[in-house]
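Reminder that position 237 of the sequence shown reads as 237 in the working numbering, one-by-one numbering, no gaps.
If you are wondering where the hints come from, they were derived from the structure by calculation, not from laboratory data. Treat each hint with caution, since some may be false.
[Unchecked claim] Derived pair list, reagent style DMTMM-like, types lysine to aspartate or glutamate, alpha-carbon separation capped at 20 Å:
| hint | residue 1 | residue 2 |
| --- | --- | --- |
| 1 | K30 | E260 |
| 2 | K107 | E187 |
| 3 | K238 | D144 |
| 4 | K119 | D215 |
| 5 | K292 | D241 |
| 6 | K238 | D69 |
| 7 | K197 | E222 |
| 8 | K179 | E109 |
| 9 | K197 | E229 |
| 10 | K179 | D241 |
| 11 | K198 | E59 |
| 12 | K107 | E260 |
| 13 | K119 | E37 |
| 14 | K197 | D23 |
| 15 | K179 | E138 |
| 16 | K275 | E260 |
| 17 | K174 | E187 |
| 18 | K119 | E194 |
| 19 | K198 | E153 |
| 20 | K107 | D41 |
| 21 | K197 | D241 |
| 22 | K174 | E229 |
| 23 | K119 | D133 |
| 24 | K198 | D215 |
| 25 | K107 | E199 |
| 26 | K107 | E58 |
| 27 | K30 | D69 |
| 28 | K119 | E138 |
| 29 | K107 | D215 |
| 30 | K290 | D241 |
| 31 | K119 | E153 |
| 32 | K119 | E187 |
| 33 | K179 | E260 |
| 34 | K174 | D133 |
| 35 | K30 | E19 |
| 36 | K30 | E194 |
| 37 | K30 | E11 |
| 38 | K174 | E138 |
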Amino acid sequence: MVEFRLSEEQEMLRELAHEFAQDSIRPHAKHWDDANEFPMDVIAEAHGLGLTNLHVPEEYGGMGMGIADEVLVTEEFAWGDPGFSTAAYSNGLTAGPVITGGTEEQKIEYLGRLTSAPKIASYCVTEPAAGSDVASIESLAVRDGDHYILNGEKMFITGAGHADWFFVLAFTDKSAGYKGMSSFIVESAWDGVELGKKESNMGQRASDTRGVLFDDVHVPVENLIGGREGNGWFNAMKAFDLSRPNVAAQAVGTSRAAFEHALQYSDERETFGKKLHRHQAIQFMLADMKTKIEA
């Protein structure tokens, strides 16, 4: 029989995340959205409480938790503000390929940067002509001695304007199809890395979503993830596998918040001499919403 009840430790983690969302996220959500502001100060608070980098192994400074633990925090963050949740989870997605496919040196250096201080890493896969169809990317990295020369344009990159480093997917051999893709760790401060215009994406304005241009960026060979060409597709797909449950958790957290707002409004608004939630048709709608969220 599958056990769906949370462990005592998971309940404590969820309660900590919920209290943090209630006290530190929700009060600022409207300001972040109105001002298009990245909530780095509050992400730093979450980092200090151990609520970020949850699935990074302990030997690299992370919490060493599983996805079932991580989604509890993601859901509560999204309940507080979906934009904050996206911004705070950028590291979770970006660290994935390094955790599953990186060399020991890469893990120590780049996972260590995320866990030792409240820093951001961003995941650069989507391009103007390639979204879900990852095989259609056009970015290209050409070997030149002890470097790769990287050129390409990425778009809709979460946290890009605040990233310390990027995971970048690019072809090293276009003739090999998806098996010719490789992945790299690219530092944001390197020459040739240019940031695009910040997007104003509804409900996600706190996430600092923008394009990133790589113009003849010299990437050291040691920053080829895993030290081998041709592993990029698999590294990217593994990261998606790790992150998709968190996307679902964000949807649940956001839905919970929407339901609570709807329920509150139904208790404030009156029509035909009674509150909205006293009308049976509205009761059916609210019941359906609650049932779907709990399911």
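Going through the hints against the structure:
Taking the CA atoms of K30 and E260, the gap is near 17 Å; set against the 20 Å cutoff, the hint holds. For the given pair, K107 sits about 14 Å from E187 by alpha-carbon distance, which is consistent with the 20 Å threshold. Simply put, K238 and D144 have alpha-carbon atoms about 28 Å apart, too far for the 20 Å limit, and the pair is violated. For the hint pairing K119 with D215, the CA-to-CA distance comes to about 24 Å; that exceeds 20 Å, so the pair is violated.
With a C-alpha separation of about 24 Å, the suggested pair K292 and D241 falls outside the 20 Å cut-off, and the hint is violated. Between K238 and D69 the alpha-carbon distance is near 18 Å, which keeps this suggested pair within the 20 Å criterion. Between K197 and E222 the alpha-carbon distance is near 30 Å, which puts this suggested pair outside the 20 Å criterion. Only pairs whose Cα atoms come within 20 Å are accepted, and K179 paired with E109 is rejected, the gap being roughly 27 Å.
Between K197 and E229 the alpha-carbon distance is near 31 Å, which puts this suggested pair outside the 20 Å criterion. For the proposed pair K179 and D241, the alpha carbon gap of about 18 Å is at most 20 Å, so the pair holds. Of the supplied pair hints, the one linking K198 and E59 is violated, its CA atoms being roughly 35 Å apart against a limit of 20 Å. About 41 Å separates the Cα atoms of K107 and E260, which puts this hinted pair outside 20 Å; it is violated.
Proposed proximity of K119 and E37 is supported: the alpha carbons are some 16 Å apart, at most 20 Å. About 31 Å separates the Cα atoms of K197 and D23, which puts this hinted pair outside 20 Å; it is violated. Straight-line distance between C-alpha atoms of K179 and E138 comes to about 14 Å, which keeps the hinted pair within the 20 Å bound. Distance check on the hinted pair: K275 and E260 sit about 16 Å apart at the alpha-carbon level, within 20 Å; holds.
A threshold of 20 Å between alpha carbons decides the hint, and for K174 with E187 the separation of about 24 Å lies outside it, so the pair is violated. Restraint check: the Cα-Cα separation between K119 and E194 comes to about 19 Å, which is no more than 20 Å; the hinted pair holds. The hinted pair formed by K198 and E153 meets the criterion: a straight-line CA distance of about 15 Å does not exceed 20 Å. The hinted pair formed by K107 and D41 fails the criterion: a straight-line CA distance of about 25 Å is larger than 20 Å.
In summary, the hint linking K197 to D241 is not supported, as the alpha carbons are separated by about 29 Å, beyond the 20 Å threshold. The straight-line distance between the Cα atoms of K174 and E229 is roughly 12 Å, inside the 20 Å bound, and the hint therefore holds. Simply put, K119 and D133 have alpha-carbon atoms about 29 Å apart, too far for the 20 Å limit, and the pair is violated. Restraint check for K198 and D215: the C-alpha separation of about 19 Å stays at or below 20 Å, so the hint holds.
For the hint linking K107 to E199, the alpha-carbon distance of about 31 Å lies beyond 20 Å, and the restraint is violated. For the suggested pair K107 and E58, the alpha carbons sit about 11 Å apart, so the restraint of at most 20 Å is met. Only pairs whose Cα atoms come within 20 Å are accepted, and K30 paired with D69 is rejected, the gap being roughly 28 Å. For the suggested pair K119 and E138, the alpha carbons sit about 28 Å apart, so the restraint of at most 20 Å is broken.
For the hint pairing K107 with D215, the CA-to-CA distance comes to about 26 Å; that exceeds 20 Å, so the pair is violated. Simply put, K290 and D241 have alpha-carbon atoms about 28 Å apart, too far for the 20 Å limit, and the pair is violated. For the hint pairing K119 with E153, the CA-to-CA distance comes to about 23 Å; that exceeds 20 Å, so the pair is violated. Of the pairs offered as hints, the one joining K119 and E187 holds, with about 12 Å between alpha carbons and a cut-off of 20 Å not exceeded.
Taking the CA atoms of K179 and E260, the gap is about 47 Å. The hint is violated against a cut of 20 Å. A hinted pair counts as satisfied when its Cα atoms are at most 20 Å apart, and K174 with D133 qualifies at roughly 15 Å. About 18 Å separates the Cα atoms of K30 and E19, which keeps this hinted pair within 20 Å; it holds. As the CA atoms of K30 and E194 are separated by approximately 29 Å, the hinted pair breaks the 20 Å bound.
Taking the CA atoms of K30 and E11, the gap is near 28 Å; set against the 20 Å cutoff, the hint is violated. Distance restraint check for K174 and E138: the Cα-Cα separation of roughly 9 Å lies within the 20 Å cut-off, and the hinted pair is therefore satisfied.
The structure fails to meet hints 3, 4, 5, 7, 8, 9, 11, 12, 14, 17, 20, 21, 23, 25, 27, 28, 29, 30, 31, 33, 36 and 37 from the earlier list, while all remaining hints are met.
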